[in-house]
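Asker: Given next are the chains, with one letter for each unit.
Number of protein chains: 2
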Amino acid sequence: MRLSRYFLPILKETPREAEIVSHRLMLRAGMIRQQGAGSFSWLPLGKRVLDKVCKIVREEQDRAGALEILMPTIQSADLWRESGRYEAYGKEMLRIKDRHERDMLYGPTNEEMVTEIFRSYVKSYRDLPLNLYHIQWKFRDEVRPRFGVMRSREFLMKDAYSFDLDYDGAKAAYYRMFVSYLRTFTRMGLTAIPMRADTGPIGGDLSHEFIILAETGESQVYCDRAYLEMPVPGADTDFSNDAEIAGVVEQWTTPYAATDEMHDEEAWAKVGEGDQLAARGIEVGHIFHFGEKYSKPMGASVTGPDGKEHFVSMGSYGIGPSRLIAAIIEASHDENGIIWPDSIAPFDAVIINMKTGDAECDRVSEELYAAYQAAGLDVLYDDTDQRAGGKFATADLIGVPQQIIVGPRGVANAEVEVKQRKSGERAVKPIAELLASLEKAA
Amino acid sequence: MRLSRYFLPILKETPREAEIVSHRLMLRAGMIRQQGAGSFSWLPLGKRVLDKVCKIVREEQDRAGALEILMPTIQSADLWRESGRYEAYGKEMLRIKDRHERDMLYGPTNEEMVTEIFRSYVKSYRDLPLNLYHIQWKFRDEVRPRFGVMRSREFLMKDAYSFDLDYDGAKAAYYRMFVSYLRTFTRMGLTAIPMRADTGPIGGDLSHEFIILAETGESQVYCDRAYLEMPVPGADTDFSNDAEIAGVVEQWTTPYAATDEMHDEEAWAKVGEGDQLAARGIEVGHIFHFGEKYSKPMGASVTGPDGKEHFVSMGSYGIGPSRLIAAIIEASHDENGIIWPDSIAPFDAVIINMKTGDAECDRVSEELYAAYQAAGLDVLYDDTDQRAGGKFATADLIGVPQQIIVGPRGVANAEVEVKQRKSGERAVKPIAELLASLEKAA
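Residue numbers (my numbering), protein chains in the order written: chain C, 4 to 445; chain E, 4 to 445.
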């Protein structure tokens, strides 16, 4: 993408309304624009990151055997009356009347609707296990939306719902999502630590929040340092092997880890002092087994091998891609801007033409731009007539992992400078060598 | 995808509520489920088609220089008061109050919001032309939603908005979208004929509907047969060459073509009798130049080369991917089910194991399944224990272009049968030959 033809509205001033660094940086980098209280447009740079995040989420859901569907944003109130949540949900639910005065709502979540889909079609245990997910906009009418996309009213959510014959099946489904989440966050360059969460009246121990550590995190968390080095299962993980998956879950739930809410001083004291890690964290995912909470009132049952009807045992599994992006920025930035993990960076590289209009700089920049594209990489080419200092600042701000700096002096020596955004490391590289490596990748 | 692990709820009975063939087939093939009046979930098969349609739309928008953003579904009423449309829009607009009693609405379209984005950032003609698009759910509270996703209340829409300094620039932007639409529909296997549409109080001739012909089409259309053979510009079209693009538009607007509404008997009579084609059509896209209609009341202006402020000249360009899928089915089906064009088929091929449980049939089916996947193709493997007749019916119903039929007799001769869904043509093929061709494609 040529920057001269792109829409990247960088803000020079730090927006006053933004209280946290991710909100400031997303506004300054031209990723989002606020359209109302807790409501944001994703501008081209933001949309690219959102797409990359969703792609990883989707791939890991699919790998774990979940199937993608897409439910509508607007739901009938009648469905929620069946589960008893229509009255119970409170003011966060955006209630709507249509032209015929029928009660509707903007879905804050989809347990009811997906249970309705399930009960309409699935009648036998032979069609289980089943896990349906979708990535769709949700609306929760927060009384005081703030922190940008970290706590907005309209937000994107991946929510998966598992259906099983019994508790054991549901537990295996839960474990698959547990491992899927580990892989999902690792692929985004994050260390997400699963922490036991409150299960409320449901009971049991099948509820985990996935927390990433960030100095600016919203809550206090406590965990064993062992998590920081714990291996995450590879792409060859066999999700059909319940024992293998359970083994991973066991490993990832054995050392101590707890949010403030669930913190247990006694257990904490048993963690070796050198291994104690008390830090700030941000929740980026939540998985939850809730059994028959919806299947029973809504009549979602299957015939079991015993010939009898069984209410299915369900769980739900959420990741908020829009919120996740803010969390990643909280965990990965410096005073100059965002530092994207490679896998979700809006561009893999940015070519900075230090002297647009200079015939040699233009020629080399164009040649590199074409080579990056031919290699199948996402490349931004700063071909604007801004001064070099401004270009460097923009490249740092938007956090592209690699900066290829094309200047008159380097070009005269058939060289460019390659700067890694994360380490700040700069290296002079012969143009021919860079072109050869791109050609090899193509 | 193994059918035994997929969620493909085929209906045996034809749903009574479905009045048109696309609605019937989408329900029967387990593509969609109705969730309320004019509201549908997309089940896994439907979601796959929707994704493929959106991918083509996106690629052709990008190719023509449009930039993807994503605006929220819920909008503030204040924006629509600026343009004067809040009161004018009528009951199709879903009006909402939030917990603070603020007026909001579910966007039926996005002219106001995108104009707000534009005016917030763009100040100079140097940043033009600009075309921003998004693919987002819209809601129009139709008094009587019907025909499935053909006329639903919540529907997916790709809407693009162009911003230019003056009419000439806007016309060039309009032409680019015109050609982009030709390419978009052709890639989906459709012949879409651009027909002049009413421009209302805006005036001028820059409004076209793109119509595909289908016996069950909603409206009467008239056109010259020349359109059926007219070449569509290739992937190498240079969208930065205004003259080249204008040439394509001229070619595609010269022969007679009109909807009933715009039909001109006198001009029609001049079409050679053998060239007259009166048929039924379905609108699948609409492009429209509306000049300063929003930029003026909303104050979206840029400084021109003359140093003066100019209200930008705008156009909008819509395709409804959800509706389009229904239109494609109307145009492409037979008595046995859907016939997907290759480019948007949910799967490229389906492997039909006629005798699941038979060691040789299973072995060959598995081998072919692995080979299709390795070739990067989307393949469905019917590994269920349904009888062969049911499997054939399902494969025809869901319209996958190629059926690979693995039966005991064929396997004994190291052969399978390959059936083309569209032509019905069947050919016996040595397994080794099929494997070799897949390996070559990998």
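Don't take each hint at face value.
One copy or any two copies: either way a pair holds, since identical chains are not told apart in the list.
Unchecked claim - Dumping the calculated DMTMM-like pairs for lysine to aspartate or glutamate here, alpha-carbon to alpha-carbon at most 20 Å:
hint, residue 1, residue 2
1, 126, 388
2, 126, 16
3, 311, 399
4, 15, 130
5, 55, 442
6, 55, 65
7, 422, 351
8, 15, 227
Calculated from the structure, these hints are not laboratory results.
Asker: Pop the pair residue 422 and residue 351 into one bin, within, between, both or neither, using alpha-carbon distances up to 20 Å.
Answerer: within (12 Å within a copy, 43 Å between copies)
Asker: Quick one: residue 126 to residue 16, C-alpha cut-off 20 Å, is that within a copy, between copies, both, or neither?
Answerer: between (59 Å within a copy, 17 Å between copies)
Asker: First find the shortest C-alpha distance between residue 311 and residue 399 inside one copy, then the shortest across copies, and answer within, between, both or neither for a cut-off of 20 Å.
Answerer: Classified as neither: same-chain Cα gap 63 Å, cross-chain 34 Å, threshold 20 Å.
Asker: At most 20 Å between CA atoms: does that hold for residue 126 and residue 388 within a copy, between copies, both, or neither?
Answerer: between (65 Å within a copy, 17 Å between copies)
Asker: First find the shortest C-alpha distance between residue 15 and residue 130 inside one copy, then the shortest across copies, and answer within, between, both or neither for a cut-off of 20 Å.
Answerer: The answer is between: 17 Å across copies meets 20 Å, while 56 Å in one copy does not.
Asker: With identical chains treated as interchangeable, where does the CA-CA distance between residue 55 and residue 65 reach 20 Å or less: within a copy, between copies, both, or neither?
Answerer: Cα proximity of residue 55 and residue 65: in one copy and across copies (15 Å, 17 Å).
Asker: As a check of your reading, is residue 55 near residue 442 (CA-CA no more than 20 Å) within one copy, between copies, both or neither?
Answerer: neither (24 Å within a copy, 30 Å between copies)
Asker: If the cut is 20 Å between Cα atoms, do residue 15 and residue 227 qualify within a copy, between copies, both or neither?
Answerer: Neither, since 41 Å and 56 Å both go past 20 Å.
The structure is inconsistent with the numbered hints 3, 5 and 8, although it conforms to all the rest.
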